[in-house]
Amino acid sequence: MAADMDSEPTTAARPEGVPADAVDISSDGGLCKLILVPGDAAGGSPPVGSEVQVHYVGTLLSDGSKFDSSRDRPGNFKFKIGKGQVIKGWDKGVATMHKGEKAELFCRADYAYGETGSPPKIPGGATLKFEVELLSWGEPKKERWEMSAAEKLEEAKKLKAEGGGAFKEGEWQAAQDKYTSAVEWVEHDYDFSTEDEKAAARELHVSCLLNAAQCALKCKEWPEAASSCTKALAVAQLPDASKVKALFRRGTARIKMADFADARADLLEACKMDPKSKEIRDMYASIKEAEAAAKKADAGLFAKMVKGAGGIKKKPPEGVPADAVDISDDGGLCKRVLVPGDPAEGFPPAGSEVQVHYVGTLLSDGSKFDSSRDRPGNFKFTLGNGQVIKGWDKGVATMHKGEKAELFCRADYAYGETGSPPKIPGGATLKFEVELLSWGEPQAGEEGESEEGDGAE
Numbered sequence: 010m011a012a013d014m015d016s017e018p019t020t021a022a023r024p025e026g027v028p029a030d031a032v033d034i035s036s037d038g039g040l041c042k043l044i045l046v047p048g049d050a051a052g053g054s055p056p057v058g059s060e061v062q063v064h065y066v067g068t069l070l071s072d073g074s075k076f077d078s079s080r081d082r083p084g085n086f087k088f089k090i091g092k093g094q095v096i097k098g099w100d101k102g103v104a105t106m107h108k109g110e111k112a113e114l115f116c117r118a119d120y121a122y123g124e125t126g127s128p129p130k131i132p133g134g135a136t137l138k139f140e141v142e143l144l145s146w147g148e149p150k151k152e153r154w155e156m157s158a159a160e161k162l163e164e165a166k167k168l169k170a171e172g173g174g175a176f177k178e179g180e181w182q183a184a185q186d187k188y189t190s191a192v193e194w195v196e197h198d199y200d201f202s203t204e205d206e207k208a209a210a211r212e213l214h215v216s217c218l219l220n221a222a223q224c225a226l227k228c229k230e231w232p233e234a235a236s237s238c239t240k241a242l243a244v245a246q247l248p249d250a251s252k253v254k255a256l257f258r259r260g261t262a263r264i265k266m267a268d269f270a271d272a273r274a275d276l277l278e279a280c281k282m283d284p285k286s287k288e289i290r291d292m293y294a295s296i297k298e299a300e301a302a303a304k305k306a307d308a309g310l311f312a313k314m315v316k317g318a319g320g321i322k323k324k325p326p327e328g329v330p331a332d333a334v335d336i337s338d339d340g341g342l343c344k345r346v347l348v349p350g351d352p353a354e355g356f357p358p359a360g361s362e363v364q365v366h367y368v369g370t371l372l373s374d375g376s377k378f379d380s381s382r383d384r385p386g387n388f389k390f391t392l393g394n395g396q397v398i399k400g401w402d403k404g405v406a407t408m409h410k411g412e413k414a415e416l417f418c419r420a421d422y423a424y425g426e427t428g429s430p431p432k433i434p435g436g437a438t439l440k441f442e443v444e445l446l447s448w449g450e451p452q453a454g455e456e457g458e459s460e461e462g463d464g465a466e
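Here the sequence shown stands for residues 10 to 466, numbered as in this note's numbering.
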């Protein structure tokens, strides 16, 4: 339960409705605790700075209505004790608990969200009841500013090693996260005093940036890959070998982003620095083919638009924007691109598992009936297998990776004359804002090197 505000007490009274056997642990009646299941007293209580893991259910004391629960989501809720990451009642209350303890915390408004509340679910001045279970805690670590230069270098090395382990297992995203975290420990020269320390920090900094870029390429996160390489190229006293890798990886990412002019400049410079590298020469040569593919894709979309402008056919439903392109040839499925994707990637083939985010609304009145953004994770389906409505199977197949578009689906491309009660009436035309995040293509056996060679250290 994150802290949104820090309010001064407005009353010293114990709120009405707090059980008589709940213990006042605040000395002013604002925070009371009732133990439901005792924990392990021998293990003590979590110290300030320790990261605790809890489960909780939060309700309004006034009517018992639930406003939040960690049990409705995957995983546990984590926060650091005494660091202001949560409301005052939690910082003080959880610090009194033992491992395994389950207790109720009754938090007056000045120990919770004050007179402002946290709309729409928590009104101003509300007393809250939390059922909290303390699962575990980790011993507090030093803050970064408390650590010596040697300790910062050691932390970066540890994270880099963890990234290397994940890289070898093919866990590209996990490895990227570790390398990015390692960078944060060595990116500032002023954290290090001696020349030896500064040199070691620079070496780690560059190595982890380049490894993060390689992982981003594996994950097809082209902007992230390019950004990591740009940061590496800005590091002082960059060795030529590292500069070549940074230029090559950035050039590769820029091709995928259809930034062909900058990709050509990067790869040409890399070729000049390492003229014997066949890998760099081949990538440079691939730009011409990628440009041609992008132009062909653009021409195909233009042809659709021209075709859609003429001929005798059914008109799109009333309310579909005039600049939406009919991609069905019968007016039943229209598309308007909001954010172009990466044409060099092509389109997702039939049978591929796509990942998208979407918001679905009725075209008639704009009311939302569904949204993947209201739930954890992305929405996945296999393209062309009839797992989704006809408008989605056909519409998403015309999208590039990273593209955001509106799909306007007439009833025969959606839920027909029956609809999908209670939210979608029969015969309804639907509007979907869809973002194509990725589609599944096996990565096993991919070629590519990290900063250390075939696999990260």
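Warning: the hint list may mix true and false statements.
Computed cross-link-like contacts, SDA-like style, restricted to lysine to any residue with a CA-CA straight-line distance of at most 25 Å [said to hold, decoys possible]: (1) K151 / D268; (2) K101 / E160; (3) K297 / G428; (4) K111 / K166; (5) K413 / T427; (6) K281 / A331; (7) K207 / K227; (8) K108 / T68; (9) K229 / H197; (10) K413 / K285; (11) K101 / G133; (12) K403 / G436; (13) K207 / S236; (14) K399 / D383; (15) K285 / S295; (16) K432 / P330; (17) K399 / K410; (18) K410 / F269; (19) K161 / D268; (20) K177 / C228; (21) K166 / E196; (22) K89 / K111; (23) K324 / D186; (24) K324 / R345; (25) K151 / K177; (26) K89 / L144; (27) K151 / D186; (28) K229 / D268; (29) K207 / E160; (30) K150 / D268; (31) K240 / M266; (32) K252 / H197; (33) K167 / D291; (34) K177 / S447; (35) K297 / F356; (36) K227 / K111; (37) K432 / R382; (38) K227 / V397; (39) K89 / E148.
Honestly, the hints are just simulated from the structure, not real lab data.
Of the numbered hints stated previously, which ones are contradicted by the structure, given in increasing order?
Numbers 1, 2, 3, 4, 5, 6, 7, 9, 10, 19, 23, 25, 30, 33, 36 and 38 - these are the hints that the structure violates, sorted from lowest upward.
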